[in-house]
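Chains D and C, in that order, give the protein sequences.
In terms of the numbering used here, the first sequence opens at residue 1 and continues consecutively.
In terms of the numbering used here, the second sequence opens at residue 1 and continues consecutively.
A few of these clues could be false.
Cβ-Cβ distance ranges computed for the label pairs, FRET-style [as the list claims (entries may be wrong)]:
hint: 1; chain 1: D; residue 1: Leu381; chain 2: C; residue 2: Asp187; range: 39 to 45 Å
hint: 2; chain 1: C; residue 1: Ser75; chain 2: D; residue 2: Gly313; range: 51 to 57 Å
hint: 3; chain 1: D; residue 1: Ala373; chain 2: C; residue 2: Ser154; range: 36 to 42 Å
hint: 4; chain 1: C; residue 1: Asp187; chain 2: D; residue 2: Met835; range: 50 to 56 Å
hint: 5; chain 1: D; residue 1: Met835; chain 2: C; residue 2: Glu92; range: 19 to 25 Å
hint: 6; chain 1: C; residue 1: Asn200; chain 2: D; residue 2: Val448; range: 47 to 53 Å
hint: 7; chain 1: C; residue 1: Ser29; chain 2: D; residue 2: Met835; range: 25 to 31 Å
hint: 8; chain 1: D; residue 1: Val464; chain 2: C; residue 2: Asp132; range: 28 to 34 Å
hint: 9; chain 1: C; residue 1: Asp187; chain 2: D; residue 2: Ala373; range: 50 to 56 Å
hint: 10; chain 1: D; residue 1: Val464; chain 2: C; residue 2: Asn200; range: 42 to 48 Å
hint: 11; chain 1: C; residue 1: Asp132; chain 2: D; residue 2: Met835; range: 34 to 40 Å
hint: 12; chain 1: D; residue 1: Gly313; chain 2: C; residue 2: Ser154; range: 45 to 51 Å
hint: 13; chain 1: D; residue 1: Thr817; chain 2: C; residue 2: Gly128; range: 28 to 34 Å
Heads up, simulated SDA-like pairs for lysine to any residue below, C-alpha to C-alpha not over 25 Å straight-line [to be verified]:
hint: 14; chain 1: D; residue 1: Lys252; chain 2: D; residue 2: Glu91
hint: 15; chain 1: C; residue 1: Lys130; chain 2: D; residue 2: Arg463
hint: 16; chain 1: C; residue 1: Lys89; chain 2: D; residue 2: Leu831
In case anyone wonders, no lab produced these hints; they're calculated from the structure.
By construction, the Cβ of each residue, glycine as well, lies at the ideal position given by its N, Cα and C atoms.
Here is what each chain is made of, one letter per residue.
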Amino acid sequence: MWRITLAGVWAKKLRFVSTMVAIVLGVGFMAGTLVLTDTVGKTFDDLFASVYKGTDAVVRPIRLVDSGFGSSPERLAGSVLDTVRSVDGVEHAEGYLQGYAQLVKANGKALGGTSSPTFGFMWSDDTRLNPFRILDGHAPMADSEIAIDRESYRSGRFALGQEVKVLSQNPVRSYTLTGVMTFGSADAPAGSSVIAFTPAEAARVFHTGGGFDSVSVVAKPGVSQEQVATNLRAEVADARTEVLTGAEITAKTQSDIKKRLKGFSFFLVGFSVVALVVGAFIIYNTFSILVAQRTREMALLRAVGAGRRQVVGSVVAEAALVGAGASVLGIGFGLLTAIGLKAAFAAFGFSLPGSGLVLEVRTVVTALVVGMAVTLVSAVLPALRASRVAPVAAMRDVAVDRSASSWRRSAAGLVVFVAAMVLLVSGLTGSGTAAATRVGLSALATIVSVIVLGPVIARNGARVLGAPIRRFRGLPGSLAQANAVRNPRRTASTSLALTIGVALIGLILVFVASFKGLITQTVDGSFKADFIINAKSFTGFSTSVAEQAAKVDGVAAVSPVRFGAMKVNGSSTYVAAFDTATVDKVLDVPLRQGRITDVVTGTIAVGADSAASHQWRIGDPIPVVFPKSGPGTLRLAATLDDQKIKSLTQGSGYVISTTTYDTGFADPVDSQVLVKAAPGADLDAVSSGLDKVVANYPTAEVQDKAGYKKSVGDQLNQFVAMIIVLLALSVMIAMFGIANTLTLSIYERRHEIGLLRAVGMSRSQTRSTIRWESVIMAVLGTLVGLAIGVGFGVAIMRALRSQGFTVLVVPFGSLLTVTVIAALFGVLAALRPSMKAARLDVLDAIATE
Amino acid sequence: MTTLAPPPPPSASLDLAARAEDATKVYGSGESAVRALDAVSVGFEKSRFTAIMGPSGSGKSTLMHCVAGLDRLTSGRVLIGEVDLSTLKEKELTRLRRDRIGFVFQAYNLVPTLNALENITLPLALAGRKPDQAWLDDIVSTVGLADRLTHRPSELSGGQQQRVAVARALVSRPEIIFADEPTGNLDSRASAEILEFMRNAVRDLGQTIVMVTHEPAAAAYADRVVFLADGRIVDEMAEPSAERVLDRLKRLGD
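Here chain C stands alone, though its shape is the one from the complex (with noise of 0.2 Å):
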């Protein structure tokens, strides 16, 4: 075991996208009990790129999961904002991820009986707003998507796909996106266009990111890494490098 780094202020401050505090949660039950999250508390600035790291079965992907309301905790809290997630409905947590959270998987990130233009929308569709025409221009020419439009998702490169799914997750000018190995299925070159896309989002859009990642070289990226082990936080750094976070990994490994 390391010892644990101390745990970031939890701060009501308002510079913060999203948070986590004590947060639990505990798969199963009695002795087969697994505690994915114990206690984790963290907090998400706005504007700010930030990777989360750890080896398998560390609990960043859950930890991501319950922040983005996707799951829901055992014990302790989350919020979006200042919205507390666990006083909220099933419904009112489907409408805030839809209109105040932007998502890109690994995988299955589009539909495939929609093109790039409508998958893109998808979020603003389903609330039934019209899109920002000026600011859908905006990102789908930063993306590079402008002649690719109406493609369907299976006549489109792995790159373009993941491509597509930040656009859509920038459309509707979500207070956070979370990115969920948003690379791990592309080659070394597209992964870097996707990485390069969401650090140009935080820096010149101001938008707030969180990436579950398992690549040192992909969290070099972030302005801040996070790192979880056995379902706690042991360890963050600022500005990282890919050297100093696969260092960072290797201790952790021990």
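One chain only, chain D, in its complex shape (with noise of 0.2 Å):
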């Protein structure tokens, strides 16, 4: 009898083991996250702390329009660097300039990705003004010379004095490396290749004109910040220009960053909630099964007269301490969490700054208490039910499972899934974030719903599921429906814990699905062009390279796309600029009244049905404000097709000429050029033709309508992928709860297990039984998972369509896939507990105590 004790013992270590691990991962995650955040917003911090460290005060343009990050599309007039060195106080100033540069690399590669910034900036020798320091070599003092941050030279493997080409807006330029540069004691700042240019090469590269993004100033010996900020105020600034002091700059810089990792932040938080939901489930199976299989002892307690509150406070006080041991692991687990998700981010082309991790206390403290309510929330649960039997019932057999067949459960699940239709069918039916509300609020009910029906979700689903098996693989098949069956609420929240994260992915699916649908529909219903030369990054490309592909032999019209960020109607929102004289050639303009050759200077073309819900006729004047020339008005020229204008213009649904873009914003670039061939051309002659145009502008590249419909595929793909990395660990949990299940029950069946093999079930039948067992929770879930997040996917879809999104795809073929994975799945996770039951001794299981 030894041996049975020895392993209900191990059992025992095994629940803390496991209920451990879900807590562990799940804490784990979040605190990786808030790490991760923090550890980047520190980076930012110092970053900009060192960036303005000897700076006094700051001259820069108000910006009218929040374009978003990246640098400033309004600038300042090259005078305002005179006046302000001529002001009171002011001991010295300079001018500042940067934008988009990249450097190539010997094997012809652009140096970093698509999401590390790089980009180059006016050299300066004042070091309180200029964070860089040269390392190696001298600063750029002819225009063809520059230096570039220590990191970049080592990833790229360049050499001081080699030939180095430089992308640019412009064609590619080569430069004589001079320097290596530091940023402050850091090889370069906050992940990003840096280039430093002269002044005169800086004001060449990034055509300016002569003025600047900022200037900066260094204040007089005994001049404070304020000083030198009030005196600078009273000569400079109006209504287009401010004046902050160093201090100021600092922490509005500081703060803007940190709203914009908020949105980062909330997205990963997010993430890990679901990972702790998960967690959470299978803390509440692991404490359910051991509290039913300690019923007896329980009951034998209570009957020689321990009181309900002692029987449920030593459930309590166990996961008490397995809730604070877990968390505290959790934390360590997080440090490593971070430095995971840093990888994967980096992996998907989205590198993130910083190094060393920062661990806040706010991280710890919210980690523990999170790790401790979810674990005790889900082990009191169970406790209390196990302390409602009455002493003498618990005391006969096991008690049978018919949470199943409760009507009152069935009742209470459909109203809570009636309550989640409703609340959906109000969101979707309604607008703005109260209708977004409501959605949210359905699905949670949604979810709510198919925890409490989930016994007989998980009986009904378990046998149909079940029946196949049954068929194909014989007995084992059998015994694995019917002990997926026979305990329907440990199956129901097995199962349930992955039905969350496949939820996300099935919506996730529906939702890509549909918008390549809508791409697909939008190029081949709507351009007549056969080429799109589109821009690999946000920076665009050229406005020279439209004009070099009409000179192309076979083309016969071009026309180029333009996107911004400016305020229509006091709303900011991204307009569309067409180049109107031509763009007909090129697309079909969805028009509903004008023509798109009206839309000249001066005049915009909006949705119909927005125009009528504004009560805009044509002709009518439209307040504007445009990043560089400020307010004005813009009159209504042309209406077009709400739906369809917004599927052409990424959901803009405004459309100015060109013209009106170039005198509105700064540095005019192209995000695309559409370009016709002439009827009979040799499209293989002018695609190789447009391709030896952008040869020289790297950020551009030429696709044909599959081409393009092929690397928007791409872009969507990789997002995808990283919606489902950022789900493995609450799908690894899950799957880890699997398996605890199955260990748990097996352990609690070893004596039919023992039976079945004494009477010539093979190992192999037994692990088959097991593994069955497994896949069938795995797939409920899954299917659960995916008939949710489908039918909030194709929901949300329809409430899109008056946004211009159409076209609803669901994916049967991705859907599928999904489904065979988490079965694969399934059979993982029941590797070892499947090893472990067939390895059962024989004699041990049949024995009677």
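Now that you have both chains on their own, put them together as the hints suggest.
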């Protein structure tokens, strides 16, 4: 008998290990996301603190339109610098310029990804205003010379004196590498790749026309930052220009970055919450099983006089101990997660700056509180339930789980589900934040209803899923099905852990497939162009690409498309700019009223429904704010089909002419150039002609329609891959939960497994039984998840129809793939438990205590 | 110590369904080693009902487990028919148990998720074979379970559960059935029923049964009783009665 006792002890040890792993993973993910965002935040804080260390004041243009991250589209006139230098209290002032520039390695590839910033700036010899220091060689003195940061120098394997090609919005140009810089003591600022140009060359590269992004000022000794800023304000501040002290600009830049990081952090924390919820399921399930196995022991305690409170207390104490221990381990795991996440983002070409890990007190406290709370709540429920069983009833044989046939449970679940559907409909038919909130609440209610209905779903679902297995796998299949059905509550909470993550995957898959479908429809339906010259990065490419493309043999028409952020009728939005004189030849513009050629300088075209809702008629003035030229009005010249124009302009719905764009925006760059070949032209020849044009403009690439569709598809696929990586941990926890449930069930069923082995069940049949039970649970959870995810995906896509998302695609192939992968995960989860079951000592298992 | 009874002739006779030769089983090693079986040689004749008796710790269960291929000997050998179990790999041993041996245990005899009929046909289902319907009907009616076939074990009484177990042991027409205290958990009426079935199976169907028991009343149903003490066979008795068995046991205890 001592071996059975040992097995019991081992199972108890396992209880701690398995529960702890669920908490460690969940808490670790949460701590990891916090550590990562704190680390990135601190890196930027330090970065800007050192950038502005020697700066006492900054003069810069007021941003009229928040155009997002990146260099400022507005510029100061060059004359401002002279004015500033003459202001009282100013010891020294210098203009500053920065913009897109990227190094090309010896192998011809650009250095740095699409996400890590690569930029060039105007070198300054003033060490107070320039945070960079020359480590080796010398600063650029001639316009053909550059210095680069040490990190790029190393990773690009450059050598001093070497000719290096540099990409910008201009044609590629070669420079002599004369210097290697450090940023303070760091090799490079926050993961970026930096090129220093001479002031004259910077002005040429960034097309400034003598202007500056900003002017930095050093005050005379004894003059405070506030004083010099006040003096400057009196001289240069106006409606378009502001003056900030060094302290102000540091704080402002830091808080701007923090705001942007907040969205990123929110996104990550969302995924960690998913992992925690999944973990909670596992903990709940583990404690449920363990408490059920101890029901007799607890009943005995109660029979001899222990109060319910004492019984529950003993479970809670155990949970608290496990929760605390696991949370502490979770914080440690969080540090590893932060490193892993950073590497994962880097693998997706989204590298985050920062070295070293920042562990804030807030992170530690959050992790501990969340870890403990999740464990305690998950453990108390089963303990309370167990304590409610009358002592005598519990001392009889193991209770039968009848939760699947409880009508009260079914009724409650259905009520919640109906409520969820009502919320969904009201959310989808409404608009604004309130509607979105209702959709979110509906998702939550759906999950709750699925949890409540879990045992019912599990019993019937496992029956149906098990039927083919029963048919094709003989007795092990029958037993697997019967085992999955016999304890519906347990099967439900094990499977549902997988449901949550899979629901998100289902949702994303529907979005992405529909979006791909939309792109295909748009390209096939509206593009008359044969080729699209597309920008590889957000920075766009020079307008001279279009000019040169027009000269290629066999090209009939060329029309550029630009995008920009501005305010229309008071709210910030993106607008698309077409060359309205030529766009008709390359694009089927979905007009309702007016002609596209009517959209000339000073006019705008708007979606017809949008115009109607604002009661705008043709000829009416619409107030706008441009980033460069500031406030103005545009007259309504044409109206468009709302849905179609949104799908053509990436959701914008506003169209202006490129001539209007050029007056309102600084540094016009094209995002796309649509090219139509002449009838009968050799398309291959045109394609290679265009390739020759873009060879000098590395941020542009030539695609035919199919290639364009594919490249959009590839980007979307990468997005899906990233989401899946972020959900990987949740799925792992869920898999662990399946393994855990199986292990505990096997311990519970050791007698019958022993009997089966004795009467001739082979080890492989035993493994097969466990494996198929696992597959049933995994596939059940997955199918329920996909049903929820796809259901919500379809509903939301339908609701977004008016936003231009007119295509709905349910990607059955991908959904099937997900299901098959889930089944494989089921097999994987069963690996260890099934081996354990197969190795069970038959004699011990059939021995009578 | 009592004097050793003469061991049964170690014959290779084809009349034996199973036999053990110099079967020795040692648990543990060194000073703490326990000799559960000490060079036991015994044969179990075909179509006979043999009971193995002995005080607890006498090695009767160990002997049964080893002969039934549930456990392995330390030395000596066990043959089922002419197959030496020690030459079999785990997989072959499992198949042998499935196809050639029937089992009835004291408890945990049935799989709770399968109904009575499924439990009866378990060894056949494991082998992927269809039951011989006429034979199955025969067994089911003999054990009197015809109206209980779709019931789950939890819906059956203890006696009915053991009857299902006996039916399962019979269904694959095994060469030998091992019953380990089959009536240990039953009241006397249910016990008598089960033992009657087993005796009928031997008498009418020519089945071979080896039963481990500590109840003289149960042993009285057997054709022959083998007495074990301290891992050795100390005596045997043909055509036993409860009184004679009890008497013999008393002397064993001395």
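Checklist line | Ser154/C and Gly313/D - C-beta distance against the hinted 45 to 51 Å | finding: violated (33 Å)
Checklist line | Outcome for the supplied range 28 to 34 Å, where the beta carbon pair is Thr817/D and Gly128/C | finding: holds (32 Å)
Check: Taking 25 Å as the top limit, are the C-alpha atoms of Lys252/D and Glu91/D close enough?
Finding: Given pair Lys252/D, Glu91/D holds - Cα atoms ~24 Å apart, limit 25 Å.
Note to self: Within 47 to 53 Å: is that where the Cβ-Cβ distance between Asn200/C and Val448/D falls?
What the structure shows: violated (60 Å)
Next item on the list: Decide if the proposed pair is consistent with the structure: Lys130/C and Arg463/D, CA atoms, cutoff 25 Å inclusive.
Entry: holds (24 Å)
Notebook entry, point to check: Has the hinted range 50 to 56 Å been met by the Cβ atoms of Asp187/C and Met835/D?
Noted result: violated (41 Å)
Next item on the list: Take a look at whether the Cβ-Cβ distance between Met835/D and Glu92/C falls inside 19 to 25 Å.
Entry: holds (20 Å)
Check: Between Ser75/C and Gly313/D, does the beta-carbon spacing fit 51 to 57 Å?
Finding: holds (55 Å)
Next item on the list: Just tell me: holds or violated, for the beta carbon distance of Asp132/C and Met835/D against 34 to 40 Å?
Entry: holds (35 Å)
Checklist line | Outcome of range test on Cβ distance (Val464/D, Asp132/C; 28 to 34 Å) | finding: Roughly 32 Å apart at Cβ, these two residues keep to the hinted range, so it holds.
Next item on the list: Could you say whether the range 25 to 31 Å given as a hint is met by the Cβ separation of Ser29/C and Met835/D?
Entry: holds (27 Å)
Check: Can the suggested window of 39 to 45 Å be confirmed for the beta-carbon pair Leu381/D and Asp187/C?
Finding: holds (41 Å)
Hints 4, 6, 12 from the earlier list are contradicted by this structure; the remaining hints agree with it.
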